[in-house]
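4 protein chains.
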Amino acid sequence: MPIKTGRVVAVSDFVCRNPNYDADAQAMFAAQAFMQNLKGALTISELGHAQITAPFLESSSQQHGFFHGGVVGALADNAMGCSAFTLFEPGDHILTVEYKVNLLAPADGDIILAKGWVVKSGKTLTVTQGEIFVEKNGNRKLCATATGTMMRMTKS
Amino acid sequence: MPIKTGRVVAVSDFVCRNPNYDADAQAMFAAQAFMQNLKGALTISELGHAQITAPFLESSSQQHGFFHGGVVGALADNAMGCSAFTLFEPGDHILTVEYKVNLLAPADGDIILAKGWVVKSGKTLTVTQGEIFVEKNGNRKLCATATGTMMRMTKS
Amino acid sequence: MPIKTGRVVAVSDFVCRNPNYDADAQAMFAAQAFMQNLKGALTISELGHAQITAPFLESSSQQHGFFHGGVVGALADNAMGCSAFTLFEPGDHILTVEYKVNLLAPADGDIILAKGWVVKSGKTLTVTQGEIFVEKNGNRKLCATATGTMMRMTKS
Amino acid sequence: MPIKTGRVVAVSDFVCRNPNYDADAQAMFAAQAFMQNLKGALTISELGHAQITAPFLESSSQQHGFFHGGVVGALADNAMGCSAFTLFEPGDHILTVEYKVNLLAPADGDIILAKGWVVKSGKTLTVTQGEIFVEKNGNRKLCATATGTMMRMTKS
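Chains as they are written, first to last, in the working numbering: chain A, 2 to 157; chain B, 2 to 157; chain C, 2 to 157; chain D, 2 to 157.
Keep in mind that the hints were calculated from the coordinates and are not lab data.
Just so you know, even glycine gets a beta-carbon here, dropped at the ideal spot from N, CA and C.
Misleading hints may appear alongside valid ones.
Below, computed lysine to any residue pairings styled on SDA-like, alpha-carbon distance capped at 20 Å [what the hints assert, rightly or not]:
| id | chain 1 | residue 1 | chain 2 | residue 2 |
| --- | --- | --- | --- | --- |
| 1 | D | K156 | D | K40 |
| 2 | D | K124 | A | P107 |
| 3 | A | K156 | B | Q64 |
Pairwise CB distance ranges (calculated) [what the hints assert, rightly or not]:
| id | chain 1 | residue 1 | chain 2 | residue 2 | range |
| --- | --- | --- | --- | --- | --- |
| 4 | A | A31 | C | P107 | 46 to 56 Å |
| 5 | C | N138 | B | P107 | 45 to 55 Å |
| 6 | B | S60 | A | T44 | 21 to 31 Å |
| 7 | B | T125 | C | K137 | 23 to 33 Å |
| 8 | B | K156 | C | A31 | 50 to 60 Å |
| 9 | B | Q27 | D | A31 | 31 to 41 Å |
| 10 | A | A31 | B | T125 | 24 to 34 Å |
| 11 | D | H65 | A | L58 | 23 to 33 Å |
| 12 | D | E47 | C | T125 | 21 to 31 Å |
Reference excerpt, derived from the structure (chain A facing chain D, CB under 10 Å, subset only) [to be verified]:
| id | residue |
| --- | --- |
| 13 | P91 |
| 14 | H94 |
| 15 | G123 |
| 16 | T146 |
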C-alpha cells in the first residue's frame, strides 16, 4: 500500500516549564481508573506529544467486535490532554473544555494507538489534535482524527 | 437553585419506519460489551429520543473520583446514536460519523444520565444533540452538551 | 406542517454584571464592518440571548443562489458571541475560541435569522449554542445548528 | 522565530476520477458570489488539496481591524470543500455537512491563506482538515485550524 506524505505542520518550539513532565503525566494517567479499565499505557515521547496504546478487550468492544467508538474518543481525549499537560507548570491541573472525534474507519484491530499533540499552547487554553490508529496483524490503519481544547488550572 | 426554561426546539414530527424500534435499539445496545463494562442501561422513551444511565463505578473514574470525560463522551455518543437508530428501517445499521462534547462541569455524581435526540433525520445522515447530567444526593446537574452526526447503512 | 416541541433546556438564571449590556453589545456589533457587509442587524431580546437577521444579498450567496455556508457560520458565531457578551462585565472583550456548525438544509430564503444563547457562563469561558433559520414567503425553516466556546478577556 | 516541523500525516494515495478537477473546482468557486465579495482566489495545487487567499478588506473586518472570525471560518470551509471536490466524479455536487474552526490567534494580516486537504475520501462522505494563516509584512502566522465533513451528491 503506497503511502504519501501529506503535509508538515509548522509549530513554534515548545517551552518546558516542568522538568518532570514525563513522570508527572504518568502519575496523572496512573490515577485514572478508567484508563486501567481499558488497559491503556501512556508514552510521552517528547514535549507536547503523547501516545496511548491499549489492547483489544472484549469489554472495550461494540456490536461488531471492534473497539467501541466511545473508547476511541476517550483515548483520543486523553492523549490530547496528556500532550497539553507536558507543557504546564508543576502542580497545574488540566480540564478538557471540548473534544471532537471523526471516525474514519472501523476500529478493527488487536491494538489501538491514540496520538495527541499540541497545536497552540496558550496561558489558559491549549489547542490539541489527535490521530487514532488500529493495528491488525502488523498493519496500521488510521481510524479517527480528533481535536481538543484543554484548560490549565493553576494550583493556587 | 432556581431553574429557568431556556428554549423550545421546534422539530418536525418523526416518521416511524420500524414498529420494533425500541426492541431493536435495546438489542443493539445489549450487544455492546463496552456498555456492559460501564453498566449502562438504555431507555427509549419515544421515537427520536434515547437515554442511557450508568452508576458511578471506580472503573469509570478519573483522577479526582468523578466520571471520566471519556465515559461522558462515550455515553453521549451512544445515546445520540440510539436516538437516530429509532428512526431507521428494520435491519439498518448505524455508524457514528463524528461527535463533539463540551464538558461544562465536573461529572461528580452517583449516577450519570445521557440524553440524545434527533434534530434532523435525513435519508443518509441524521444530526443529533445530547445533554449529559450527573445526579448526586438527588440533585441533577448538567455536566456536558454534545452533537453528533450519524450515518444509516442499509442492509442491502 | 405540524410542529412538535422537542425539549426544554433547563439553564440556571443568568446574573447581570453590566446594566448596559444591550447598548454595549450593539456598539460592539456596529464596529464590525463585516456585519455591515452582510447587512446584519442585532437584537438582544434578553440576557444571555442574541439574534442576528440579514436579508438575502447576491453578495452573500453561493453557487445555487442560497446563503453561503460561510455566511451561515459567521452569523451563528456572532449571535453566539453576542449572547455570551451580554453576561460580561463592562469593558470586557470577547474572543471566539472555537465554533462548529451543522448544516441541515439549504439556506434558501429571503432572510436569515441566527439565534445564539448561553448554556454555561463561566468566569473565563462561556459555552453557547445556536440555531439558524431561513424564512421564505413567510415560512421559517431550521437550516443549521451550532455550538461555540467564547472567552472573556478582562480590560485590565 | 524558530519553526519546528511537527508531524507528517500519512495518507493513502488519492484516486483521480475527474481529469478536469482543477477547472471544475475553479468554475464552482467562481459561481460563489460571496467569495467575490471577499475577493478570494482559489488555487488547486494537487489532487485532494486546495488553497484560498484573500486580501484584507475593511468589509471583511471585525472591531479590532482584523479579519472577522466568520471570514476565517468561511474560507476554511470553502478550502476544505474544494479539496474534497477535486476527488469527485464529473458532474457531482458538494454539500458541507459540518465544519469546526479553532481560532488560535488574531487574524491580523494583509492577506489570509486558507489551506484544505482530504484526510479520508469515502463514497458518500469526505473528511477534511484545514489550516488558516495570515501574513503581515511577509511573516506568516497560523491563526486557525479546522475540520470539515463533506458530502458528495451524485448528478443522477
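These are the hints, each one checked on the structure:
no.	hint	in the structure
1	D:K156 - D:K40	29 Å, violated
2	D:K124 - A:P107	15 Å, holds
3	A:K156 - B:Q64	15 Å, holds
4	A:A31 - C:P107: 46 to 56 Å	51 Å, holds
5	C:N138 - B:P107: 45 to 55 Å	48 Å, holds
6	B:S60 - A:T44: 21 to 31 Å	23 Å, holds
7	B:T125 - C:K137: 23 to 33 Å	25 Å, holds
8	B:K156 - C:A31: 50 to 60 Å	56 Å, holds
9	B:Q27 - D:A31: 31 to 41 Å	52 Å, violated
10	A:A31 - B:T125: 24 to 34 Å	43 Å, violated
11	D:H65 - A:L58: 23 to 33 Å	51 Å, violated
12	D:E47 - C:T125: 21 to 31 Å	41 Å, violated
13	P91	24 Å, violated
14	H94	22 Å, violated
15	G123	8 Å, holds
16	T146	6 Å, holds
When each numbered hint is compared with the structure, violations occur for hints 1, 9, 10, 11, 12, 13, 14.
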